[in-house]
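Those protein sequence lines, which keep their order, are chains A and B. Mapped onto this note's numbering, the consecutive letters of the first sequence carry residue numbers 64 to 161. Mapped onto this note's numbering, the consecutive letters of the second sequence carry residue numbers 4 to 175.
It is worth saying that the hints were derived from the structure and are not from the lab. Relax, there's no trap hidden among the hints.
The calculated label-pair distances, taken between Cβ atoms and stated as ranges, are:
#1 B:D128 with A:L156: 44 to 50 Å
#2 A:F148 with B:L146: 32 to 38 Å
#3 A:S157 with B:R164: 21 to 27 Å
#4 A:F148 with B:P93: 31 to 37 Å
#5 A:Q116 with B:M91: 40 to 46 Å
#6 B:V134 with A:R87: 41 to 47 Å
#7 B:E145 with A:D154: 39 to 45 Å
#8 A:M65 with B:D128: 17 to 23 Å
#9 B:G98 with A:Q116: 35 to 41 Å
#10 B:S139 with A:F148: 42 to 48 Å
#11 A:M65 with B:S117: 16 to 22 Å
#12 B:A100 with A:A73: 27 to 33 Å
#13 A:L84 with B:G157: 22 to 28 Å
Listed below are several chain B residues computed to face chain A (Cβ distance under 7 Å; list not exhaustive):
#14 A12
#15 G50
#16 A51
#17 L69
#18 V73
#19 Y140
#20 G157
#21 A158
All of these numbers come straight from a predicted model, not from anything done at the bench. Ideal Cβ positions, reconstructed from N, Cα and C, are used throughout, including at glycine.
Each chain, written out:
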Amino acid sequence: MMQQGLLLAALLFAIGLAGVLIRRNILFMLMSIEIMLNAAGLAFVAAGAGWGQPDGQVVFIFILTMAGAEVAIGLALVLQIYRRFRTLDADELSRMKG
Amino acid sequence: MNVPFFIAAAVAVFSTLMVITRRNAVHALLYLIVSLLSVAVVLFVIGAPFVAALEVIIYAGAIMVLFVFVVMILNIGPRTANQEGVWMAPEMWVGPAFLSTVLLGEFAYILTTSGGGSAGMRVVDAAEVGVSLFVSYLLGVELASMLLFAGVVGAYHLGSRGSRIAAKGGRK
Chain A
64 MMQQGLLLAA LLFAIGLAGV LIRRNILFML MSIEIMLNAA GLAFVAAGAG
114 WGQPDGQVVF IFILTMAGAE VAIGLALVLQ IYRRFRTLDA DELSRMKG
Chain B
4 MNVPFFIAAA VAVFSTLMVI TRRNAVHALL YLIVSLLSVA VVLFVIGAPF
54 VAALEVIIYA GAIMVLFVFV VMILNIGPRT ANQEGVWMAP EMWVGPAFLS
104 TVLLGEFAYI LTTSGGGSAG MRVVDAAEVG VSLFVSYLLG VELASMLLFA
154 GVVGAYHLGS RGSRIAAKGG RK
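Make the full structure from the sequences, and use the hints.
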């Protein structure tokens, strides 16, 4: 059972990574990062459940708080970027040099 | 074979794939919520009911609401109402609604037949997690509080319209 949980986490993480790589919209990249964080948390819980220990769930709670802080900052940045450049395209934004 | 786990896992993988392939942010958000809900069902099945509840409340609740707010803020304008009608056409929400119904049925089935931890794993309940969290990981809890504080201050600073960063950008 633990192997299947870890396999699912790896699959979700790979999909999230692919999302970060193929999408050029900053909002979608943030969503993909959320998917990856969620998959990492799932891996911790699956491993913790494999041994019947609560430590995996504790780490999941820490990942949850980190994801909350990350989303707050990331979305504030998205709003600022949209206000200043009127676009969310990462390629478009990468043209600014300093 | 553990059927509820595999159904939830299949829903998770499918909806996550839909997230990264949608063009429209609102549609992607709908599928992302379904993905988080299905991961919550997976967590419930492998014997972590407390974390499954947190996943629904914080991830699918709070964090996704933030995303929805930002998507709505980015689309301020007179054409928004019209656009929302187009976004929310039936063929768009039928997919996520169907997947959510599958998850709900599965959840009801698990609750009525066996309860959490139907995968034959020991259920680690909230009391155990709380003891571990506030005894062995107390330092981590304090660090998390500082991280959240930094996040709040940073988001306030970046999000406020007249912040110094925006002023500097305006002068350029």
